[in-house]
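When you get a sec, could you build the whole thing from the sequences and use the hints?
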Amino acid sequence: GAVVSQHPSRVICKSGTSVKIECRSLDFQATTMFWYRQFPKQSLMLMATSNEGSKATYEQGVEKDKFLINHASLTLSTLTVTSAHPEDSSFYICSASQGGPYEQYFGPGTRLTVT
Amino acid sequence: SQQGEEDPQALSIQEGENATMNCSYKTSINNLQWYRQNSGRGLVHLILIRSNEREKHSGRLRVTLDTSKKSSSLLITASRAADTASYFCATDHPRYGGSQGNLIFGKGTKLSVKP
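Those sequence lines, one after another, are chains U and Z. 1 is the number of the first residue of the first sequence in our numbering; add one for each residue after it. 1001 is the number of the first residue of the second sequence in our numbering; add one for each residue after it.
Hints are computed from structural coordinates only; laboratory data are not their basis. These numbers come from a predicted model, not from an experiment. Backbone N, C-alpha and C fix where the C-beta goes; we use that ideal spot for every residue, glycine too. Wrong hints could be hidden among the right ones.
[What the hints assert, rightly or not] Only pairs whose alpha carbons sit at most 27 Å apart, straight line, appear in this in silico DSS-like list of lysine-lysine:
id : chain 1 : residue 1 : chain 2 : residue 2
1  : U       : Lys66     : U       : Lys55
2  : Z       : Lys1107   : U       : Lys64
3  : U       : Lys14     : Z       : Lys1110
4  : Z       : Lys1070   : Z       : Lys1056
5  : Z       : Lys1070   : U       : Lys55
[Said to hold, decoys possible] Under 7 Å between C-beta atoms, here's a sample of chain U residues computed to sit facing chain Z:
id : residue
6  : Val3
7  : Phe39
8  : Ser43
9  : Thr49
10 : Ile93
11 : Glu103
12 : Gly109
Now the structure itself:
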């Protein structure tokens, strides 16, 4: 149980295009989903927190107009990187939680490369 | 700024030896968690220790927490080559007081276990 999937696992896109990454909780309802990014050999940095049906809360320094997050259902959250640039190339990881003190379950990550 | 800081940054040991990784944090916490990450993959939750606990065991893992020193340690006994991975500590986000499960990750320790 407690499986979180991400799609796609890898994506290469051209600079200026937009890319959508999906995060799904497969066997539980995730009231809260989190999006992280991880640069090579570095730690995970929280980008935003989203609760189902409400606007995401972004961390300081994360542009909400560039990283669009939608959490329309209890099993799906999407992150859209708009007008991607090479510096957006990173490993994006989502996690899902039933909220509160419950454990977060992490997806396998999406490797984004912007050329 | 990072909440969690692990040391050492890298650790190389022989199979069968014990591996100890430390984590220090800055603010008060509700709980502290340890995760492992294989190269280019998502995170796997290892163990959670609450602020009122001092020690916790799970299989070959032993975690200690010293809230007075704001530090934790992860001990892996009788290490195996398959334990080779990066290990991260994570604490609940001070901004939300842990109510939403937001996590702040340390920089991680890269463990290499040689057969």
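For this session: Against the earlier hints, flag every one the structure doesn't satisfy and list their numbers going up.
Result: 3, 5, 6, 7
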